[in-house]
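Protein chains: 2
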Amino acid sequence: MQNFTFYNPVKIIFGRDTVSKIGREAAKAGKKALLVYGGGSIKKNGVYATVAGSLSKNGLTFIEHSGVRPNPVLTHAHEGVKKAKENGCDLIIAAGGGSVIDEAKAIAAGARYNGDVWDFFTGAAAIKDAVALFTVLTIPATGSEMNSGCVVTNEATKQKYNAGSPRLFPRVSILDPETTMSLPREQAANGAVDALAHLIEGYFTAEDTDVMMTDELVHAIARSVIASTDRIMADPKDYNARASMMWSATLALNGLQALGYGGGNFINHAIEHSLSAIYDIAHGAGLAIVLPAWFKYHLKMDGPGRLVKFGEAAFGAHNAEETVLAFESWFRKIGAPVRLSEARIPSADIPKIAENAMGLIAKWEIAGYDRKTVEEILQKAA
Amino acid sequence: MQNFTFYNPVKIIFGRDTVSKIGREAAKAGKKALLVYGGGSIKKNGVYATVAGSLSKNGLTFIEHSGVRPNPVLTHAHEGVKKAKENGCDLIIAAGGGSVIDEAKAIAAGARYNGDVWDFFTGAAAIKDAVALFTVLTIPATGSEMNSGCVVTNEATKQKYNAGSPRLFPRVSILDPETTMSLPREQAANGAVDALAHLIEGYFTAEDTDVMMTDELVHAIARSVIASTDRIMADPKDYNARASMMWSATLALNGLQALGYGGGNFINHAIEHSLSAIYDIAHGAGLAIVLPAWFKYHLKMDGPGRLVKFGEAAFGAHNAEETVLAFESWFRKIGAPVRLSEARIPSADIPKIAENAMGLIAKWEIAGYDRKTVEEILQKAA
Numbered sequence: 001m002q003n004f005t006f007y008n009p010v011k012i013i014f015g016r017d018t019v020s021k022i023g024r025e026a027a028k029a030g031k032k033a034l035l036v037y038g039g040g041s042i043k044k045n046g047v048y049a050t051v052a053g054s055l056s057k058n059g060l061t062f063i064e065h066s067g068v069r070p071n072p073v074l075t076h077a078h079e080g081v082k083k084a085k086e087n088g089c090d091l092i093i094a095a096g097g098g099s100v101i102d103e104a105k106a107i108a109a110g111a112r113y114n115g116d117v118w119d120f121f122t123g124a125a126a127i128k129d130a131v132a133l134f135t136v137l138t139i140p141a142t143g144s145e146m147n148s149g150c151v152v153t154n155e156a157t158k159q160k161y162n163a164g165s166p167r168l169f170p171r172v173s174i175l176d177p178e179t180t181m182s183l184p185r186e187q188a189a190n191g192a193v194d195a196l197a198h199l200i201e202g203y204f205t206a207e208d209t210d211v212m213m214t215d216e217l218v219h220a221i222a223r224s225v226i227a228s229t230d231r232i233m234a235d236p237k238d239y240n241a242r243a244s245m246m247w248s249a250t251l252a253l254n255g256l257q258a259l260g261y262g263g264g265n266f267i268n269h270a271i272e273h274s275l276s277a278i279y280d281i282a283h284g285a286g287l288a289i290v291l292p293a294w295f296k297y298h299l300k301m302d303g304p305g306r307l308v309k310f311g312e313a314a315f316g317a318h319n320a321e322e323t324v325l326a327f328e329s330w331f332r333k334i335g336a337p338v339r340l341s342e343a344r345i346p347s348a349d350i351p352k353i354a355e356n357a358m359g360l361i362a363k364w365e366i367a368g369y370d371r372k373t374v375e376e377i378l379q380k381a382a
Numbered sequence: 001m002q003n004f005t006f007y008n009p010v011k012i013i014f015g016r017d018t019v020s021k022i023g024r025e026a027a028k029a030g031k032k033a034l035l036v037y038g039g040g041s042i043k044k045n046g047v048y049a050t051v052a053g054s055l056s057k058n059g060l061t062f063i064e065h066s067g068v069r070p071n072p073v074l075t076h077a078h079e080g081v082k083k084a085k086e087n088g089c090d091l092i093i094a095a096g097g098g099s100v101i102d103e104a105k106a107i108a109a110g111a112r113y114n115g116d117v118w119d120f121f122t123g124a125a126a127i128k129d130a131v132a133l134f135t136v137l138t139i140p141a142t143g144s145e146m147n148s149g150c151v152v153t154n155e156a157t158k159q160k161y162n163a164g165s166p167r168l169f170p171r172v173s174i175l176d177p178e179t180t181m182s183l184p185r186e187q188a189a190n191g192a193v194d195a196l197a198h199l200i201e202g203y204f205t206a207e208d209t210d211v212m213m214t215d216e217l218v219h220a221i222a223r224s225v226i227a228s229t230d231r232i233m234a235d236p237k238d239y240n241a242r243a244s245m246m247w248s249a250t251l252a253l254n255g256l257q258a259l260g261y262g263g264g265n266f267i268n269h270a271i272e273h274s275l276s277a278i279y280d281i282a283h284g285a286g287l288a289i290v291l292p293a294w295f296k297y298h299l300k301m302d303g304p305g306r307l308v309k310f311g312e313a314a315f316g317a318h319n320a321e322e323t324v325l326a327f328e329s330w331f332r333k334i335g336a337p338v339r340l341s342e343a344r345i346p347s348a349d350i351p352k353i354a355e356n357a358m359g360l361i362a363k364w365e366i367a368g369y370d371r372k373t374v375e376e377i378l379q380k381a382a
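So the protein sequences, as listed, match chains E and B. For the first sequence, the working numbering assigns the number 1 to the initial residue and increments by one for each residue that follows. For the second sequence, the working numbering assigns the number 1 to the initial residue and increments by one for each residue that follows.
Please keep in mind that the hints were generated in silico from the structure rather than gathered at the bench. Bear in mind that the values here come from a model prediction, so they are computed numbers and not experimental data. Where hints are given, some of them may not hold.
Copies of the same chain are indistinguishable here, so a pair counts whether it falls within one copy or spans any two.
Unchecked claim - In silico SDA-like pairs for lysine to any residue, Cα to Cα no more than 20 angstroms straight-line:
(1) 11 with 171
(2) 296 with 7
(3) 21 with 7
(4) 363 with 155
Use the sequences and the hints to build the structure in full.
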């Protein structure tokens, strides 16, 4: 078990009818908010009206920044930064899923920086300050509501990169499972795959594998994600399943899931980010394609028996091969794509995808993966 | 799954050679510390020297407040409050186990209060301010290093009561498993029982039991506590086992372990506190006596099948009776007492113990337990 530091000051307000608490919480930080959201689903499900009402009831005004895309893009974040600066916003409220929260984080940092916010993603500058951030989560998946990182795509360079700083922890995140009840199956599936991927990355690339507590925690969250999603697929209106999934996805990337593992990397995310940077594909769907392929590649280096251990805990599998098949068949069962072709990505593009992935692999200093290796992995998803 | 709020801003610094970081962290909060510790084991294991050196290296001075007893007592906390006030201490450092940390919390609150700190324990006053608290944990058990509560015994009234406030969260807690390597088996066993008890209380008294994520988390921590302790008993110098146990005990009472359960109570603690308020018995040992007795009583009301579920996950048990036996035999295996007589407490005292327990049962508003019920439970431990 390796040394670690853990610090996570996000206040979580979880449950039914909690969205209306946003105004009172936000009022502790400022008076004028930038309200960041996506394509308008929050107008359909009532979240927008509740947030707007709560803000005004608590004496806050707000400027709108809507139209955040899944896989949020830099040019739109730039617009948000401009709005926040021009209007002197002293807090930011993100209402939506991980993409909305991630772009809001970029805006929060950019609003207190004189250069280009992209500097934080390339590593050219470090985040030293940020506007106070509050979130109202409506899609369980990324864990962004309880961590300090964000991912944005630079459309010009086709780079889907991440940035982070303790300054980017949301002050308060509100998680009302009722807001997820109308999520289509496809989004529920993508969210489940994303949450599992967050658990898997650290677990399978751990430098130290004698870490009983974290192993058990990872198994626990994975089991909850799987069981919750199975129930959601059977009955999308199952509140307790939606609630358990929502909390599980948050716990899957709030820091606890990798404590003590020492080294470790996000190789599947590095490869997937290339897919969603180049193609119009949801992050979770991309991960469902990459993960089984990577497991097949990983099979030959599973010295510590992690595949057996995880597979047994999560799927009742008996050996490494069974675990890989169990992943693949569970992804299929919930309707996630598991081959490039199922997402209409031509195998002929594999070299291009691998080339793009090398950018993040270099940035994240992931050892052992050159372009040929990544191509080899992607061929297993062909 | 019921609504909840979760907030835990404690920064955890975990691992080998981390105790020396205390000075740099403490220097962020002040200049003059009250150093709270117990009977001097920190002088034997080097923690005292490391803390003292780190404080002085970082420009801090400190006043000593030693002699904290297991089951810390009010009169000693009063002395600490007096010292902190007289010397104008602007931070408190607790170096030791849960008792030391709990008394330090009482002192932290008392130092910013004009009345008697006991007011916070009876509920006569609420904690509105406290001196900044830092901890160096040396005994995994109570979870106090990552929560905002504390328990102190009023020797005059024989009341072992709790107090709490978000103000009592330690700013930073340092957990170096090396400091626990020399803990005797008995203390390791008591700590394991205490951690399990923290998980059990919420799990078995939940108002809502359809909470998949928290159930899985509770199972995970319990499995880790059990597996770690088994390894410690086989080899007390097993670093990874000590480390896993240390982190497991922290997670067992940092708030996560009961999220979504709604109601719930600490009935076993209410009964045990009477044992350790009246007799010279370690809290963990007292719990090892009370828990199996309470389970036997609980058997008849285990409608939701929690005993089966927990027992299967933690011990591989097949039914409720097996679970109760598994608890009892595991406690025996690690050397914890499971009968009043094994702790030299006469059965004739049962009415007196039950009478005392009614104080906390009333304070905590635990329904369904009158004096007769508590006597009935304690008879099962006779």
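Structure versus earlier hints - violations, ascending order: 2
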